[in-house]
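> 608 is the number that my numbering gives the last residue of the sequence shown; the numbers go up by one with no jumps.
These are computed hints drawn from the structure, not numbers from a lab.
All the pointers check out, no bait thrown in.
Capping the alpha-carbon separation at 25 Å, the derived lysine to any residue pairs in SDA-like fashion look like this:
1. K571 - A504
2. K571 - R548
3. K571 - F525
4. K506 - S588
5. K571 - V536
6. K571 - Y601
The following label-pair restraints were derived from C-beta to C-beta distances:
7. A490 - F596: 33 to 39 Å
8. V521 - V568: 17 to 23 Å
9. R591 - Q482: 22 to 28 Å
10. A504 - V568: 18 to 24 Å
11. Y601 - A490: 41 to 47 Å
12. C503 - V536: 26 to 32 Å
13. D486 - A570: 21 to 27 Å
14. A492 - S534: 30 to 36 Å
15. I501 - T532: 32 to 38 Å
16. P559 - F537: 15 to 21 Å
These figures come from a predicted structure and were not determined experimentally.
We put the beta carbon where it would ideally sit given N, CA and C, even for glycine.
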Amino acid sequence: TDSFISENSSSQQFTRDSQGAIAGGTFEIAGIECAAKKLDSTVGDDLAAEYVGDYFSPELNVTYSIVFREGILMVTHPRLEGFQVFPYGPDELAGAYWVFAKMEFERNLGGHVSGFRASNPRDRNIFFERLYSGREEDR
470 TDSFISENSS
480 SQQFTRDSQG
490 AIAGGTFEIA
500 GIECAAKKLD
510 STVGDDLAAE
520 YVGDYFSPEL
530 NVTYSIVFRE
540 GILMVTHPRL
550 EGFQVFPYGP
560 DELAGAYWVF
570 AKMEFERNLG
580 GHVSGFRASN
590 PRDRNIFFER
600 LYSGREEDR
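Whole structure, please, built from the sequences with the hints as guidance.
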């Protein structure tokens with residue numbers, strides 16, 4: 470394990486697998502310990518195709534796009550630099566940008582992605598509806 474302590478008394482401890490690669494760890498901030506797992510940044514074409522599209526939040530009156538470029542799944546917006554998102558669990562992505570720390574996807578009765586709920590430490594469950602792309606499965 471590798472341990473680090475910062476000036477504000479938070480600490481991070483990383484665990485390594487049998488080959489020496491970081492496998493996860495724990496973080497302690499203000500006396501609260503949180504487990505962390507290493508996210509797999511590998512996204513296959515099939516998985517990416519399920520999420521790629523435009524998503525609108527009526528609450529925020531904003532549209533974000535999920536795109537797949539050179540094997541990387543990203544969230545983009547015309548006024549922001551795109552940021553990478555990583556598979557976190559079934560129908561969950563974790564974002565490299567704090568606003569989209571967690572993205573939980575919802576599916577319609579046909580099993581196709583119909584939107585997602587974005588959460589972060591300040592905001593919870595902000596809904597983004599997938600916009601119709603002309604594909605039959607989006608209906």
